[in-house]
Amino acid sequence: MAGELQGKFALVTGAARGIGRAIALRLAQGGADVALNYVTSEDAAARLQGEIEALGRRAVVVKADAVSPQGIAQLFGAVKEAFGALDIFVNNAIDVATYGPVTRQRLEGWEHTVNGNTSALLLSAQKALPLMQGRRGKILSLSSLGSQYYIPGYASIGVTKAATEALTRYMAVELGKHGINCNTLSGGPIDTDALKLFANYPQMKEACENLSPAGRIGQPEDLAEVAAFLCSDAANWIYGQTIIADGGLSLLSVG
Amino acid sequence: MPEANANVQEVMKIRELADRVLASRHDEIVNKVREAVAEVLGREESEVKANSSLMNDLNAESLDFLDLLFRLETTFGIKIPRGGIQRATQGSLTEAEFQQNGILTLAALERLRVLMPEVPAAQLHDGLTAREIPALFTPETFARLVAWRIGELEAEKAVGH
Numbered sequence: 001m002a003g004e005l006q007g008k009f010a011l012v013t014g015a016a017r018g019i020g021r022a023i024a025l026r027l028a029q030g031g032a033d034v035a036l037n038y039v040t041s042e043d044a045a046a047r048l049q050g051e052i053e054a055l056g057r058r059a060v061v062v063k064a065d066a067v068s069p070q071g072i073a074q075l076f077g078a079v080k081e082a083f084g085a086l087d088i089f090v091n092n093a094i095d096v097a098t099y100g101p102v103t104r105q106r107l108e109g110w111e112h113t114v115n116g117n118t119s120a121l122l123l124s125a126q127k128a129l130p131l132m133q134g135r136r137g138k139i140l141s142l143s144s145l146g147s148q149y150y151i152p153g154y155a156s157i158g159v160t161k162a163a164t165e166a167l168t169r170y171m172a173v174e175l176g177k178h179g180i181n182c183n184t185l186s187g188g189p190i191d192t193d194a195l196k197l198f199a200n201y202p203q204m205k206e207a208c209e210n211l212s213p214a215g216r217i218g219q220p221e222d223l224a225e226v227a228a229f230l231c232s233d234a235a236n237w238i239y240g241q242t243i244i245a246d247g248g249l250s251l252l253s254v255g
Numbered sequence: 001m002p003e004a005n006a007n008v009q010e011v012m013k014i015r016e017l018a019d020r021v022l023a024s025r026h027d028e029i030v031n032k033v034r035e036a037v038a039e040v041l042g043r044e045e046s047e048v049k050a051n052s053s054l055m056n057d058l059n060a061e062s063l064d065f066l067d068l069l070f071r072l073e074t075t076f077g078i079k080i081p082r083g084g085i086q087r088a089t090q091g092s093l094t095e096a097e098f099q100q101n102g103i104l105t106l107a108a109l110e111r112l113r114v115l116m117p118e119v120p121a122a123q124l125h126d127g128l129t130a131r132e133i134p135a136l137f138t139p140e141t142f143a144r145l146v147a148w149r150i151g152e153l154e155a156e157k158a159v160g161h
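Residue numbers (our numbering), protein chains in the order written: chain A, 1 to 255; chain B, 1 to 161.
For reference, chain A alone in the conformation it holds in the complex (with noise of 0.2 Å):
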């Protein structure tokens, strides 16, 4: 499938590490140029940088907090500047400011987290659309199945997920008019470093590999793959949709 993305302009955010990483990557190896951001992973950014570079695309690295309102203009900006108009706009970080039981929620992290994640979509949206027109634009939101499901301690994060398909659902109506499709890709648990800081890390993949059809966890190249349909010229049909790549395990039911 190579080449499917010759000549399209990508950002993708919180690209550094994870299914960033790997997304971004598999982005660069379908043909596209890639805007990569990171805020903290200064090292791993630039890694990725070579990587990519080394596969003869370009490759930017913008250093932004990519779900504050300084950091977004701060990244479409040097986006603008970098390549004068985008594609693919895979909205991928999330800032986590709280983690655990609905009764221990404090409200300060609870809205950082909640309203600091869905505004972040909002406001790269509105970013994204002047460098996306007339062009056949795409902006996929990464989710996870706790936007429907209980995943233990995952109250704030689930919240936000949904409310990025919700507004993943109200951007793919008004963007669609301008030729872009927006959706979201919701996996199951994906072996990456920020899944390791869940408490329950070693029984989510033990359920996995004992349970789920995939029979293992999922790795950011699983993810990675669908994700480079969605962004293609393939998935121009498809609007507003949460598409679940979680090699099954979200089919089974206790009992």
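Hints are not guaranteed to be accurate.
[Unchecked claim] Each computed DMTMM-like pair below joins lysine to aspartate or glutamate, with the alpha-carbon atoms no more than 25 Å apart:
| hint | chain 1 | residue 1 | chain 2 | residue 2 |
| --- | --- | --- | --- | --- |
| 1 | A | LYS63 | B | GLU152 |
| 2 | B | LYS13 | A | GLU108 |
| 3 | A | LYS196 | A | GLU225 |
| 4 | A | LYS196 | B | ASP126 |
| 5 | A | LYS63 | B | GLU156 |
| 6 | B | LYS13 | B | GLU97 |
| 7 | A | LYS205 | B | GLU154 |
| 8 | A | LYS63 | B | GLU154 |
| 9 | B | LYS157 | A | GLU108 |
| 10 | B | LYS13 | A | ASP43 |
| 11 | B | LYS79 | A | ASP43 |
| 12 | B | LYS79 | A | GLU108 |
| 13 | A | LYS80 | B | ASP64 |
| 14 | B | LYS79 | B | GLU152 |
| 15 | A | LYS63 | A | ASP193 |
| 16 | A | LYS196 | B | GLU154 |
| 17 | A | LYS196 | B | GLU95 |
Bear in mind the hints are in silico, worked out from the structure with no lab data behind them.
With the hints as your guide, set chain B onto chain A.
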């Protein structure tokens, strides 16, 4: 052993940045961290000593660390990578170079000793597991983490990013 040197050098950069900031702002940073810890754990500030183990002495759970990091980010105007301490500890070591069946390797211990000089040497003993690392965290540890991030910010500003 050039390999061991490279291993230590990687974390020395973090240590030096933190040391430089703490040299002039140690008490101020530690006190603000103690305040944040007290707030997050619902404790009196007087109960939170600079060297209290958050988990062992103050009954913190790992999920409290996320709240604490967020509070420190807003207090100091910095960004802290989630899982920052463990991530900095592992650095460019592969999983196998970092731990074997959960037990930290000598290379990992060597890095921890550089990164966490506030922890008594006896606590960074052979056989320590990766899961036990969070129990070592004290307000001093988080003060070092904050100082490292402040140091990075200052270094960036100095080169005019």
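Here's how the hints hold up against the structure:
1. Our distance criterion of 25 Å between C-alpha atoms is met by LYS63(A) and GLU152(B), whose separation comes to about 13 Å.
2. In summary, the hint linking LYS13(B) to GLU108(A) is not supported, as the alpha carbons are separated by about 33 Å, beyond the 25 Å threshold.
3. Simply put, LYS196(A) and GLU225(A) have alpha-carbon atoms about 22 Å apart, close enough for the 25 Å limit, and the pair holds.
4. Distance hint between LYS196(A) and ASP126(B) is fulfilled; the C-alpha atoms sit about 23 Å from each other, no more than 25 Å.
5. The straight-line distance between the Cα atoms of LYS63(A) and GLU156(B) is roughly 11 Å, inside the 25 Å bound, and the hint therefore holds.
6. Annotation: proposed proximity of LYS13(B) to GLU97(B) holds, straight-line Cα distance about 20 Å (limit 25 Å).
7. Proximity of LYS205(A) to GLU154(B) is assessed by CA-CA distance (about 40 Å); at most 25 Å being required, the pair is judged violated.
8. For the proposed pair LYS63(A) and GLU154(B), the alpha carbon gap of about 15 Å is at most 25 Å, so the pair holds.
9. Our distance criterion of 25 Å between C-alpha atoms is broken by LYS157(B) and GLU108(A), whose separation comes to about 29 Å.
10. Proximity of LYS13(B) to ASP43(A) is assessed by CA-CA distance (about 13 Å); at most 25 Å being required, the pair is judged to hold.
11. Distance hint between LYS79(B) and ASP43(A) is fulfilled; the C-alpha atoms sit about 16 Å from each other, no more than 25 Å.
12. For the hint pairing LYS79(B) with GLU108(A), the CA-to-CA distance comes to about 17 Å; that is within 25 Å, so the pair holds.
13. Between LYS80(A) and ASP64(B) the alpha-carbon distance is near 39 Å, which puts this suggested pair outside the 25 Å criterion.
14. This hinted pair checks out: LYS79(B) and GLU152(B) have alpha carbons roughly 10 Å apart, not beyond 25 Å.
15. Of the pairs offered as hints, the one joining LYS63(A) and ASP193(A) holds, with about 20 Å between alpha carbons and a cut-off of 25 Å not exceeded.
16. Restraint check for LYS196(A) and GLU154(B): not satisfied, since their Cα atoms lie roughly 30 Å apart, outside the 25 Å limit.
17. Taken as a hint, the LYS196(A) and GLU95(B) pair is honoured in the structure, with Cα atoms around 12 Å apart against an allowance of 25 Å.
Comparing the model with each earlier hint shows violations of hints 2, 7, 9, 13, 16; every other hint is respected.
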